[in-house]
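Novice: Each chain is listed here by its residues.
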Amino acid sequence: MDLEWSATDLAFRDEVRTFLAEKLTPELRRAGQLMTSVYADHDASMEWQRILHEQGWAAPAWPVAHGGCDWSLTQHYIFSRESQLAGAPSLSPMGIRMVAHAIIKFGTDEQKDYFLPRILTGEVFFCQGYSEPEAGSDLAALSMAARDDGDHLVCTGSKIWTTHAREANWMFALVRTSRSDKKQRGITFVLIDMSAPGIEIRPLVMTSGEEVQNQVFFDDVRVPKANVIGDIDDGWTVAKYLLEFERGGGATAPALQVMAEDIATVSAQQPGPSGGRLLDDPAFAHKLAELRIRTEVLEILEYQVLAVVAAGGNPGAKSSMLKVLSTELSQALTELAMEAAGPRGRVYQPHATCPGGPIADFTPPQHDYVSGEPWQAVAPLRYFNDRAGSIYAGSNEIQRNILAKAALGL
Amino acid sequence: MDFTLNDEQELLRNGLTRFLATRYDLEKSRAAAKTGLGWQPDIWRAFAEELGILGAALPEEYGGIGGGAVEMMLIAEALGHALVIEPYVDTAVVAAGLLRRAGGDAAAELVEKIASGTAIVTVAATEPTSGENWRDVTTVAERDGADWVLRGTKIVSASTPLASHVLVTARTSGARTDADGISLFLVEVGSSTPGLTLHHYRTVDDRRASDIALEGVRLPSDALVGGAGVAWPWLTRARDEGAAAVCAEAVGCMRKVLADTVEYCKQRQQFGQPIGGFQVLQHRMVDMYMHVEQAAAAALLAILKLDADEVTRARAVSAAKVTVGRAAQFVGQQAVQLHGGMGMTEELAIGHYFKRLTALQFEFGSTDHHVSRYAQASVAG
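Going down the list, the sequences are from chains A and B. Using my numbering, the first residue of the first sequence is number 3, and each one after it goes up by one. Using my numbering, the first residue of the second sequence is number -3, and each one after it goes up by one.
Read the hints as simulated data drawn from the structure, not as lab findings.
Capping the alpha-carbon separation at 20 Å, the derived lysine to any residue pairs in SDA-like fashion look like this:
1) A:Lys407 / B:Val276
2) B:Lys301 / B:Leu1
3) B:Lys24 / A:Phe364
4) A:Lys185 / B:Gly268
5) B:Lys30 / A:Thr365
6) A:Lys185 / B:Phe267
7) A:Lys114 / A:Asp233
8) B:Lys262 / A:Asp140
9) A:Lys289 / B:Phe326
10) B:Lys30 / A:Pro366
11) B:Lys262 / A:Ile400
12) B:Lys30 / B:His195
13) A:Lys289 / A:Ser276
14) B:Lys30 / A:Tyr371
15) B:Lys252 / B:Asn10
16) A:Lys407 / B:Phe274
17) B:Lys24 / A:Thr365
18) B:Lys30 / A:Ala362
19) A:Lys407 / B:Phe267
20) B:Lys262 / A:Glu136
21) A:Lys289 / B:Gln329
22) A:Lys185 / B:Gln265
23) B:Lys30 / A:Asp363
24) A:Lys242 / B:Phe267
25) B:Lys301 / B:Glu289
26) A:Lys107 / A:Val311
27) B:Lys262 / A:Ala143
28) B:Lys262 / A:Pro135
29) A:Lys184 / B:Gln265
Please model the complete structure; the sequences and the hints are all you need to start from.
Specialist: Have a look at this one:
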């Protein structure tokens, strides 16, 4: 048992730091530091992926044979933490962190050869087609019809909450190929070319004003059966495998630590309620301390789960626990950042931030005026967008249901 | 003890509620906020002329109807329920309250204009270094002959882009946080006064506000409203009235949000049944309900103690702002959660209400600010 970093780990940290100092341009850093949600500006994100790919670090968690890195658990963690600290923009999770793992585990050689290198270069950019208007928490109730037509499946229906659908050229989707008593049966996991005829995209304006999410409509869209991952009617197996990756495959503590550290930094410059610095206000200092404690504990829990995954095991219900803990902690941090922003947290100024998508119905004030500092412009948008954390990837109510069954046997 | 409304109050509330239900369209008001003027002047005219609500809580000598705090509460709650962005609280409650207490013919005339809807007056009291403490005033006003010369910066002055006049706080004597030495100056918003720069912008809750730079702004002698250096008692009183009114507005917002959430959970089907049938969501909605009821009770407490002595008033208003702030956070967040992804969008009313319920937690003092103010007032009392 040991929590300390070895000399090798420290040398690796320095290597990562040097790389980041060299390659992370001020523009990319700005895009990372002024993100208003978990999604970075698309162009900045793709540019950063290109730079990482040159270094061989775009998909460190993949098997080495496909372009991954032979890193220890600690090294993955160090890379993630240093990237966050340096303000690197996030990469889209859909391709590298999600569908690629399905392709690696369930895909044919042809599928692997075509998609994996292109995901790495960014030539193929995926969005996710899971939720439907009538199938959210109850995902297995999905009904987008995929009719069998020889070598093709013909898809008609609608997907919703599709992040970056307009930027993506491929979608991985769950479609309904048959119906039986068990609703999880008869679902198929397919890859859909977004340029196929019959696809229409409607952007959804979020409360932050951002157009990152979309509803996608399919009208007799022909998908070659060669693009099915796994077996027809057995897509739920693939989806379940991916959900575990989505929930348990990453470390959120580094990002949350950076958020807490940022709050400490800025609150040292803000006026407190009774004079002095906000950071020294007892009520504020207590809240910040509580959140930092939760972050420290989460870090250990994530380490434990990562260790299970790295040993080839399944974290099971623990990944549900991490999803609940990390999203609720993140939400609490965005609440505290709003408090730190003070009266200026009320100003709507997305032009001072780097949002994950275009802003609807907004004209910046004259001369692009900004009230206060950019972080104060970020605070309310992050707060609004972060409410999604307890809704997406299986709402926290669903996760607690899973935990009740799987962890407590209720 | 009596919690019933009199006939006039019932009429006022029902008339306003009916007007808003038929004439105040959420989409139209959002369009005005985002791409239009920032408000709907014809709605404001109707408030003044058809409904008479702008003067409903003002004494008759100012062209008002002679109502009081209860009328203000009924109006603010109804406006909150319809998510009205027009600046009732900023103008008809806070600025009018300041002007009335400052006294003088010019101030009285301006209050009459507020009541008739022909002037919109706002307040600029927050500064970059003041946090939420309006007594922390670094803006300075100095005599130069008969004139006053103002230097300083004000931020997030609510509704000022829509205003004809703004009341600016400035120090004419005393140290930075002294209660004595704070004065009020009336500045015309539309005028091109040398040294005066207004930066207008939108707020997250689809209203408008301004930052104001005063770099040697020269004002005539009569721009001073009331006596020099004696504005603090009026300011603290007006701020409490603003806080109480916003509490009532929040109650209106929350009642709408709770009703919408309950309705949505009855309609929305997942796992073969309405999600409102799941006990975990039922309990959540019951918690929302209890927050709303506590918030309404607390708002009433604040409203009914506005005329009490200063310590009693401070305790009641801070108790209300804390209770309402907590409720607004919980009810807003859970309404979004229970609406799922749809609650995160601008497609349903809920997203707009959520943003207002977020912003108002920070108006006229945040929850933490009022917790410590309550503690101090309790010791003092």
